[in-house]
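Student: Under the working numbering, the first residue of the sequence shown carries the number 1, and numbering increases by one thereafter.
Honestly, the hints are just simulated from the structure, not real lab data. Each residue gets a CB set at the ideal place from its N, CA and C atoms; glycine is no exception. Hints are not guaranteed to be accurate.
[As the list claims (entries may be wrong)] Cβ pair distances, simulated, as ranges:
1. Asn-713 - Gln-613: 27 to 37 angstroms
2. Glu-334 - Glu-551: 29 to 39 angstroms
3. Gly-242 - Ala-9: 17 to 27 angstroms
4. Ser-797 - Thr-729: 28 to 38 angstroms
5. Gly-929 - Ala-753: 23 to 33 angstroms
6. Ser-446 - Thr-206: 30 to 40 angstroms
[Unchecked claim] Computed cross-link-like contacts, BS3-like style, restricted to lysine-lysine with a CA-CA straight-line distance of at most 27 angstroms:
7. Lys-922 - Lys-987
8. Lys-15 - Lys-58
9. Lys-758 - Lys-777
10. Lys-922 - Lys-994
11. Lys-864 - Lys-924
12. Lys-15 - Lys-312
13. Lys-187 - Lys-385
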Amino acid sequence: MASWKLVLAPADEGKIKYTTFANARKYFAVDASGSTVGIRFISEHNFADGIHGVSIRKDEDRVTRWGSNCKDPTSWEQCFWAPDQGGTQPQHILRNQKSMQAIRDSDIWFLLTDGEVPNSEVHTLAGLGQELGVFDCATVFLITSHTRNAPSYANVSVGITSYENCANALCLFKDYESNRVYVIASKGAFAALDQAEDHDTWEKLTNFSSEAALIQRITELDIHVPTAETRIATPTQLNLGGEWNAAHNNSQPTLVDIDMLLRAGVISDEDRVLLFADEALDALLLACKSRGKLNELRSFLLAQKVEQLTIKLEDVSGAAGFIHLLADQEIPSETRTLLQSKLRDAHEANRKAYTAAQNNIQLQAIQDRNRRVDAALRALSDSEKSGFTAEILSRRSNRARRAENISADSAVDVSVLDLEAPGFRGECQVCCGDNEVLSIALKLLSADAMAANTDNFALDFPLAAGRFEANMNILSSQCICFQCALFGRPGHSIYGEEISAVIPTLEYTGSNKLYIHQQLYKALNAGLKTGVPAMGQLFATILDRTLRVKEWAGAGFENEKGSIDAEILQRRNAITWLLDNIISHLRVRETFNELGQWTTYPLALTWAARDFQKEGLTSWCINYPVVGFMQLLRFGKTLNVFSDETITDMKNTKFLHSFVSTFLARAYKNMGKSRDWTKPLLEILYVEFNDDLIPKDSGGNVSILRSVPTFWNTLMKFMPAEDFLKGWTKEESRKMMSRIQILAFWLVFYQFAHTSAKTYFAQLRSKEPLAVVLLDKKAEVPENTVSEILLSIFIESKPEFKNKDAYTSHNNVVVPFENPFGASVLHCGAPDCGISFLPEEVSLKQIADGQIEWTPRLLDQVKKKRRDHLIDIFGILGKPEIEKEISETGLPSVTKVPSRPSEVHTCMHIGIAKTWATLTRKEKRNLTGAIQSSWMGDCDEEDEKVIEEFVIKARKCICGVGRGNVYSATLERDIRAVLPSFLEALKVGLAMEKKEGMCEDVSLYEFDFGENRVAEKIRWEVESLRRKGLV
């Protein structure tokens, strides 16, 4: 018997005493981590109360609460029932010595939880459990959660080690919404509880309406468990199940020391067959997963594999020598013809030798062995990718999944090539055979490129991975017969390229599949068997892209076959034949995930079309990455599965989904940063801008972008998607333009939180009535709707002013600077108005003579009169029920995009002053000279450029302040108009500072924005009037 096997001496059953479930002493470890707050903890508490309530020896029952630590066990009456134990780390139950003693003293211990733990915690629990002997005690493991997902999704990570290692174990699930208790799995003393034949749905599981019903059933089944004093220690070795033990025919179970097994190297054929049987392999996988030994198990399985997998087509007739001689371009034509004839004869002899080797029984046995190892490795891979969900306890589902994996390859009884099978045949330019099976050669990929082909993205989305740049160059332009390709210069094409694989143009069916698979795995995946569906779609994408991109494959000559070179035409036809053959015969899962039935690729695409019609934006094809989406449509059209109408609908729907997904991805990347990245989106909405994120209100629909080419080009920069946005007709683009514009508006102005595209569309449908039409691929979006939405941030075309006559008299009037900071605070600056803001009892002369003390009361009167006048002129009335006047100064209020401005003026004057203050002295002098030249009508291009640069800076500053009508179309004009008065104010300011002789050089004026107060500006303006002799 192998050293890793162990048969224990029989236990003395006479010494073991059993007790009923009701009479058993019980220990409850209740999950009190923070995640259980509320109904989950109440559900745990009620379960524990229900079990404890029927306990005959209540006073001996113990309970503890655990989380990121574990409280000492207490009696029922002393327990403080509160979820206050932090995180979820069940290892602390075993690390608490008093808790461990409670388990040893109990006949049954209950582990209650609501959540999952990381793999590392599971591995720690397994090690501690073995070390401390916790698995001797009968265990009941309860999960409290909801039943919205299938039973297979219930997370069992907290209790998996106990269930796996305990001889008597029960795994339960309690739905905290209905209080029903379900049996997930059971064994040993509890085995009779699980009578379900199918564990796929909750309804099919054995279940009970309450804890009382569960206890009643346990009583009916007369379940007994060993007492704490007499139970035997659970061995640390693994029991692989009844089938394994029966095959060994020993009086006691034949246990397995996992550590010794994994170090055993190659085991006997008999042991290998027994170990790879369903029941034994399930137990081994579960034990290795829970103990963190899957990598060691993989090494062990690989050690069982024999490298010689394929009966090779070998050169036993000297074909390579003839090919070498034919490579000499100088040989006479007669000699060349003779060598080619001998080469064809050698090929024929090699084929006969190959056919004879196919009947070698020893090779077939080796291949059968390797297939079993591959099946075990696939099962390991599934276990590795899966979490600790209830599915891992369902051996039936594990077997079914493994059977499906094997059945996918079951047609390949012998891994040999059938060279007489249907295929694409043509003339070989080397041997000159005119009816030869041709071949496609794959060049050597870099290690990084092959690694990219096996990562999660490539496995999930092979149509996208096939478009990786490295994959696009893998095909060699060599197109010669299969045997010449095999026996020519080793590892190289006739063009000297390094070759990693040669694919014959034989029908992708029957025994030829395995050869093609092995070659593709070697060339694309560095030999890693990632699964036929993903690898087949990846290769098909490479073939299709090559036909569309590479000139040597006839790209660009699709409709000019008469003028195409014969060699290129044969190469194109060979690749096309192989592509059509692969996508027609490739077997995949119907739903493109592990839950679907095996079917052909065309039928799977038929499912995809049905799924799209039913689910729309949330369908599988629409959620496929855009880089592979167009490839999906091409294959659907090639196989006559997708109609033209379906393809159009899919493209339109994908457009909406991809646009939103791109936005949400950018939003997440720029979370907490400036929204400047949304500028390209605003550029597909509006024609002109006052600032990066402030569009210009040019008046009605003129403001909205209507140019389809401009829209499309801008969108392509924001949403790079290879060829997705190429090839759309102008009419198709126009129809999508309005939808995208409305979506862009909603996203830019309302979507700030991170979410998924699926959630966004669901929320949009619930809060935006128009979304129903917008997201309906058949419905037309009314043209006026686009205008209404996009213009909703601007002042209405005919706004209702507080005082229409007053506004009319002030409209388009240039209000000059009366102080360095802006318009006058003494009176209205409009030429035809001049309303004074001073209190009635105050005159300019009194102020100039220093007779007025500016008390807060007087200043408030000035502010109020100014405010009332400005609001009277520029204020826009809103809806009566929401109209509020919140301005205290009369200055424009903050414009909260996307709300309309509530006033038509802006903070233009202070914006100009602040912009001036940022200039260097040289820039100020240049600007002053340019303004003076312009004022005198002597402005050249250089002067105009200087003024233009300043106006743009000032405009951005004004928009940055964000008050009033920052969308105004006249903002630049108004800035230019007040610049002369601004310079005059600065000259007066210099004079006031007594900088005699320098009054003309306004660049010397230094701003103190701390003086931008009403009192200071009154003083400044009165002094200016006094100096001018006006007061």
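Student: State for each hint whether it applies.
Tutor: Status of the hints after comparison with the structure:
1. In this structure the supplied range 27 to 37 angstroms holds for Asn-713 paired with Gln-613, their Cβ-Cβ distance being about 33 angstroms.
2. In this structure the supplied range 29 to 39 angstroms holds for Glu-334 paired with Glu-551, their Cβ-Cβ distance being about 35 angstroms.
3. Restraint check, Gly-242 to Ala-9: a C-beta distance of roughly 20 angstroms satisfies the suggested window 17 to 27 angstroms.
4. Separated by about 34 angstroms at the C-beta atoms, Ser-797 and Thr-729 satisfy the suggested range of 28 to 38 angstroms.
5. Our hint of 23 to 33 angstroms for Gly-929 and Ala-753 is violated, since their Cβ atoms are close to 51 angstroms apart.
6. In this structure the supplied range 30 to 40 angstroms is violated for Ser-446 paired with Thr-206, their Cβ-Cβ distance being about 54 angstroms.
7. Proposed proximity of Lys-922 and Lys-987 is supported: the alpha carbons are some 17 angstroms apart, at most 27 angstroms.
8. A C-alpha spacing of about 26 angstroms is found between Lys-15 and Lys-58, which places the hinted pair at or below 27 angstroms, so the restraint holds.
9. For the hint linking Lys-758 to Lys-777, the alpha-carbon distance of about 17 angstroms falls within 27 angstroms, and the restraint holds.
10. Of the supplied pair hints, the one linking Lys-922 and Lys-994 holds, its CA atoms being roughly 22 angstroms apart against a limit of 27 angstroms.
11. With a C-alpha separation of about 35 angstroms, the suggested pair Lys-864 and Lys-924 falls outside the 27 angstroms cut-off, and the hint is violated.
12. Distance hint between Lys-15 and Lys-312 is unfulfilled; the C-alpha atoms sit about 64 angstroms from each other, more than 27 angstroms.
13. Between Lys-187 and Lys-385, the direct Cα distance comes to roughly 26 angstroms. Compliance with the 27 angstroms bound is thereby established for this hinted pair.
Violated hints, in rising order: 5, 6, 11 and 12; the structure is consistent with all others.
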